[in-house]
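Chains A and B are the protein sequences, given in the same order.
Residues in the first sequence are numbered from 57 upward in steps of one, following our numbering.
Residues in the second sequence are numbered from 425 upward in steps of one, following our numbering.
Derived from the structure by calculation, the hints contain no laboratory data.
Fair warning: there could be bad hints in the mix.
As the list claims (entries may be wrong) - Only pairs whose alpha carbons sit at most 30 Å apart, straight line, appear in this in silico BS3-like list of lysine-lysine:
#, chain 1, residue 1, chain 2, residue 2
1, B, Lys428, A, Lys63
2, A, Lys185, A, Lys133
3, B, Lys428, B, Lys674
4, A, Lys222, B, Lys674
5, A, Lys62, B, Lys520
6, A, Lys61, A, Lys185
7, A, Lys61, B, Lys689
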Amino acid sequence: MIISKKKPIEDIIEALEGETKVFIVGCGECATVTQTGGEKEVAEMKTLLEDVGKEVVAVEVAAAGCQELDLKRILRKNKEATEAADVFLVLSCGAGTQAMRAATNKRVVPGTDSLFLGNVQRAMDFVQKCSLCGECVLDEFGAICPVTRCAKGLLNGPCGGMSHGKCEVDADLDCAWVLIHEQLKREAREDKRSRIHPPKDWSAVDRARRDATRGKKAGDE
Amino acid sequence: MPPKGTDVGTMLQHIEMLKDKVHGLNVTDNHSAIMRMGSLVVCGEIARRGGDPIFQATCRDRNRLALQSDLLSADFLGIEAVLCLTGDHPLVGDHKEAKPVFDFDSVHLIQCCNKMNDGFDWAGNTMNGATGFYIGAVVTPEADPLEPQLYKFARKVEAGAHFFQTQAVYDMNNFERFMERAREITSGTEVKVMAGIVVLTSLGMAHYMNRSVPGIMVPQVLIDELAGVPKEEALHKGIEIAARHIRFCKDNAVCDGVHIMAIGKEEVIPEILEMAGLDVLS
């Protein structure tokens, strides 16, 4: 799940200054789970904006905010509102806001901050375990990601800042490397505990982007 | 520790006072993620003045390009000893919004120094001239849990570290036990381990270290010793303890040397050396 949080309403109102007719679009996937852009949140936003004198020309919750073709279909379905709108307020994630950009040339404003790819531990309890680094090495580390869960992203940890099994940066955070060693010990993988891991190939992050767009560069429509 | 600013007076005094009395002078690199003058240039100055600098280089602020660049610069300045560290995270320092780099970790930095000593850069390109670094790293004998730290130590030995400076140790019995395991890991190599001796300057400092500094454990018996003297004599007691520990390590051949840290009180180091019987540079 892409975890997002609501932008402060004052910031949104400031961003919408000078615009009267607002088309609100939410997202039925991640933003619904994170309670930032689902049916309830877009309805609340409509009320908040009307309270400050905006005219909400339409409210839609896309099945998935990042589906560019579907957003184009939604705009076609709401032809009059689309034409009347001064600005689109997107309650989704950064991908959803930019999917709206692909669907319209009018002004588009984000209503949320995109935070991280989150594991859902329980309702509204999210934690980042994967940072989409493009070259998954979880097999080396007992399926515990040091890139993400080690504050320093160390591939040969722990560091000297580890204190009683906790992270230098946050005493509530387990040191990922202590967890990794515990897991590899359970799996009896001495080799993985001893091996020196080479540094991350940061060009792999770009390479993954290129692969996913089937040979095109990022940004091509 | 270089200054936070351009006023190098006190630092230069310490360098002059110590350079002929010790085998090496460590210069920290934005220690505790607090911005200070760079280690590279200060080490260069120590070398210029005839001292033996140990260039502490962390992976926090520079990517592999900048690190290699600085290593070549270090060679140019006559620096031989490089201490390879991961580095404290920016969030514990005074520029918390800074972007942490950590492109390399300390193990990679050790490997990189070795590659450069062989005449190659990290990417495998042949260099115009090789370095001749004496490569150092750190280890934390009081890490809790200890096992992951031992695996990390083993990786650093495999990566080709020549010497180690330990995090501060205060419990000599624990340290002896740690060194037994360390010697198993370094067996068959020429790797040297220097005990980290941090001078306790007050009872408050001892409590602070136990509470807030990872991997340091000041045992109750030392706390009692410090508490047993009046406040104004605490520093002298701390010096006595440091000297005693150094003597212990030397007399029992526990390790290969000591790294004395008297942060902010560098002027007491000659006294410690004398009390420990290490006055003459041999």
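Hint check:
Simply put, B:Lys428 and A:Lys63 have alpha-carbon atoms about 38 Å apart, too far for the 30 Å limit, and the pair is violated. A threshold of 30 Å between alpha carbons decides the hint, and for A:Lys185 with A:Lys133 the separation of about 39 Å lies outside it, so the pair is violated. With a C-alpha separation of about 35 Å, the suggested pairing of B:Lys428 with B:Lys674 is violated against the 30 Å cut-off. The hinted pair formed by A:Lys222 and B:Lys674 fails the criterion: a straight-line CA distance of about 34 Å is larger than 30 Å.
Between A:Lys62 and B:Lys520 the alpha-carbon distance is near 24 Å, which keeps this suggested pair within the 30 Å criterion. As the CA atoms of A:Lys61 and A:Lys185 are separated by approximately 18 Å, the hinted pair is consistent with the 30 Å bound. Between A:Lys61 and B:Lys689 the alpha-carbon distance is near 49 Å, which puts this suggested pair outside the 30 Å criterion.
In terms of the numbered hints stated before, the structure departs from hints 1, 2, 3, 4, 7, listed from lowest to highest.
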